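**Student:** Listed below, chain by chain, are the residues.
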Amino acid sequence: MLIAQLINGLTQGSIYALIAIGFVIIFGTMNLVTFAHGEVYMIGAFMGYFALTILRLPWYLALIMGMGAAWVLGFFIEKIAFRPLRSAGHMPPLLITIGLAIILKDLAVIFLGAENRPVPSIYSETIKIGEIQISLLQLLILALAGILIIVLRLLIQGTKIGRAMRATAQDHEAAYAMGVNINRVFSISFSLASCLGGAAGVLVGIYYNAVYPVMGDTAGLKGFAACIFGGLTSIPGAILGGLIIGVVENLTVQFIASGYRDIVAFLVLVVVLVFRPQGILGKKIRAV
Amino acid sequence: MKKLSLTLLAAAFLLLPAAAWSADPIYIAVSAPLTGNYAEYGQNWQKAMNLAVGWLNAAGGIKGRPLELVYNDSKSDPKESAALAQKYTSDPKYVAQIGDFTSTACMAAQPIYDKAGMVQMSPTASHPKFAPGSIWSFGIIGTQAGEGPFMADYAVKKLGKKKIAVLYINNDWGIATKDYFVKPAKEMGADILAIESFFETDKDFTGVLTKLRGYKPELLYIPSMYNEMALIAKQREKLGWTDVLLSGPGSLYSPKLLEIGGASVNGLYTSAVFFPKDPRPEVQKFVKGYEEKYKSTPNMFAAIAYDGANLMAETIRKAGTDRKAIRDELAKTKDFVGVTGKITFTEQRDVVKDYRRLVIKNVEFVLYEGK
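Residue numbers (this note's numbering), protein chains in the order written: chain A, 1 to 288; chain B, 1 to 371.
These are computed hints drawn from the structure, not numbers from a lab. Check each hint, because a few of them may be wrong.
What the hints assert, rightly or not - The calculated lysine-lysine pairs, modelled on DSS-like cross-linking and capped at a C-alpha distance of 27 Å, are:
{"hint": "1", "chain 1": "B", "residue 1": "Lys93", "chain 2": "B", "residue 2": "Lys115"}
{"hint": "2", "chain 1": "B", "residue 1": "Lys93", "chain 2": "B", "residue 2": "Lys163"}
{"hint": "3", "chain 1": "A", "residue 1": "Lys105", "chain 2": "B", "residue 2": "Lys162"}
{"hint": "4", "chain 1": "B", "residue 1": "Lys216", "chain 2": "A", "residue 2": "Lys128"}
{"hint": "5", "chain 1": "B", "residue 1": "Lys79", "chain 2": "B", "residue 2": "Lys115"}
{"hint": "6", "chain 1": "B", "residue 1": "Lys157", "chain 2": "B", "residue 2": "Lys186"}
{"hint": "7", "chain 1": "A", "residue 1": "Lys128", "chain 2": "B", "residue 2": "Lys163"}
{"hint": "8", "chain 1": "B", "residue 1": "Lys79", "chain 2": "A", "residue 2": "Lys105"}
{"hint": "9", "chain 1": "B", "residue 1": "Lys361", "chain 2": "B", "residue 2": "Lys288"}
{"hint": "10", "chain 1": "B", "residue 1": "Lys285", "chain 2": "B", "residue 2": "Lys63"}
{"hint": "11", "chain 1": "B", "residue 1": "Lys318", "chain 2": "B", "residue 2": "Lys295"}
{"hint": "12", "chain 1": "B", "residue 1": "Lys277", "chain 2": "B", "residue 2": "Lys293"}
Small disclaimer: the values here were computed from a predicted structure and weren't measured.
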């Protein structure tokens, strides 16, 4: 049972990790936090749901559509909430994203209904390795999350825009002085982060067979927690943070009770931050 | 959109006959979840009660006055149902109230109806403490005190499963439903291996299912609504856990469970107070009328609301429109023939129901034939 719970935890954690990486990319390049990320994830999930049910597309096309919708949404959020306020400091964009989150969520409730939408099952078979039975879908989700993370890494390390992102992350002005188009970098970073959030949304919908308008609330919070846990600007940290939160939650269900899963997960977060305020893989932050 | 069209439908339906009346309508307030997680159930109510009232008004109303139901959306949120109770009790045009859906929402509004002196008749609240909580409160679905032992008997004696684990929804209703199952099941010799709960907002059951699987139960008893049940059944299937029977109370009996759960709910054992294939004439009249009007088969929630509306109309016919007179007349109800069986209120203003044993085969509810 322990191994089964670990796999449950890793699957859930890999989804948190995808959300957390989005926060890291946005914070890393733009030095800003978005609170509309959970809603981007929700819109991605709904797009995936419609692709699977109304358009009857296979799951991989649904995943791509969910990611595409989230990309477009991210593009517009950056344009509306961040670009006009580039020099206005941290607070105004933050407040705008909170407002956008509420607008997106309520629009979804009004137009899509507040109830759960049932997502059709895929790969509901299991495979047996020795004594342990593993769900194919869980393996698929773990693999997809892994692939997305590897692609992201290749993109950041190996392409021109990736280099521009890294340069911008280090120093906005220096990058600008060296001829990097900062606006383009911000726009692409935000869209890319949203796209990963959308992917997480589609995967969650398929995994739990349900999408609903308020699904972004806890997911956004958990993803943000995983991001802080990992150190705010570290992608490996965000991945580790996501996986740890997922595993802790499921071990709590196993050894304590279902109702304590969030309590224990956030307690671990608080304890880690008390002893390591910079997160597990973050650099020490000096007072600005 | 859906809500708007339903409202229009209801409005059109209510306005058409009303145009021909000379006397003022009699207003009954309804507090129901028309949106939100329980919207489906609230809309079932609305359809069934509109059907009942439509027939009643077509046949001349109550002593020449048309009956009119006024719906307001509570989302079955206890805050909203309490606010609606304030609104209804303070408006003298309302003679009685039907609703709300969940026991929690009903019990939150109960003190307000109690204080103001207005009948609060819930078609679905089955918490054993609901109806006894106020002389103004009536429950017509039967309580878990009746259904719990019935389901325990089904699991332990009829299905012969003695190793049982329970997974319940953590709200007033879920806790009561669990308790009224566990106690008699133990008395019948069952071993309750584990009891776990989940929250109404939970969507991930893989962790708790993995844990329960470790206890190797033969039967999983799941007091929940169909939404969660469908997710639990599907996620259990994904985990490859096949050597366990699923069972749950009559709250699961809905075509939606089959629609959402698909093949994963095959072999699920449940009960029902209403079965559309029941040959009794009143049942067939209701089922045919509902199917003609809405192009779908009514479920238990529609049936019980239909009975509720008819019972309320019958009571007002006898008692008039005084709130207190309605309460006293309602409490005297004996052998009222409904589509969900006969209604006779106990001293506690709830009813004892007859249940049917059902099982899902090939994604369809059928009567359990027994061994």
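**Student:** Run every hint past the structure and note whether it holds.
**Tutor:** Going down the list of hints, with the structure as the test:
Taking the CA atoms of Lys93 of chain B and Lys115 of chain B, the gap is near 17 Å; set against the 27 Å cutoff, the hint holds. For the proposed pair Lys93 of chain B and Lys163 of chain B, the alpha carbon gap of about 54 Å is over 27 Å, so the pair is violated. A distance of roughly 46 Å separates the Cα atoms of Lys105 of chain A and Lys162 of chain B; the hinted pair therefore is violated under the 27 Å criterion. Among the hinted pairs, Lys216 of chain B with Lys128 of chain A is consistent with the structure: their alpha-carbon atoms are about 18 Å apart, no more than 27 Å.
With a C-alpha separation of about 17 Å, the suggested pair Lys79 of chain B and Lys115 of chain B falls inside the 27 Å cut-off, and the hint holds. With a CA separation close to 12 Å, the supplied pair Lys157 of chain B and Lys186 of chain B stays within the 27 Å bound. For the given pair, Lys128 of chain A sits about 25 Å from Lys163 of chain B by alpha-carbon distance, which is consistent with the 27 Å threshold. With a C-alpha separation of about 21 Å, the suggested pairing of Lys79 of chain B with Lys105 of chain A holds against the 27 Å cut-off.
Simply put, Lys361 of chain B and Lys288 of chain B have alpha-carbon atoms about 24 Å apart, close enough for the 27 Å limit, and the pair holds. At roughly 24 Å between alpha-carbon atoms, Lys285 of chain B and Lys63 of chain B fall within 27 Å of each other, so this suggested pair holds. Between Lys318 of chain B and Lys295 of chain B the CA atoms are separated by roughly 34 Å; this puts the pair beyond 27 Å, and the hint is violated. Proposed proximity of Lys277 of chain B and Lys293 of chain B is supported: the alpha carbons are some 18 Å apart, at most 27 Å.
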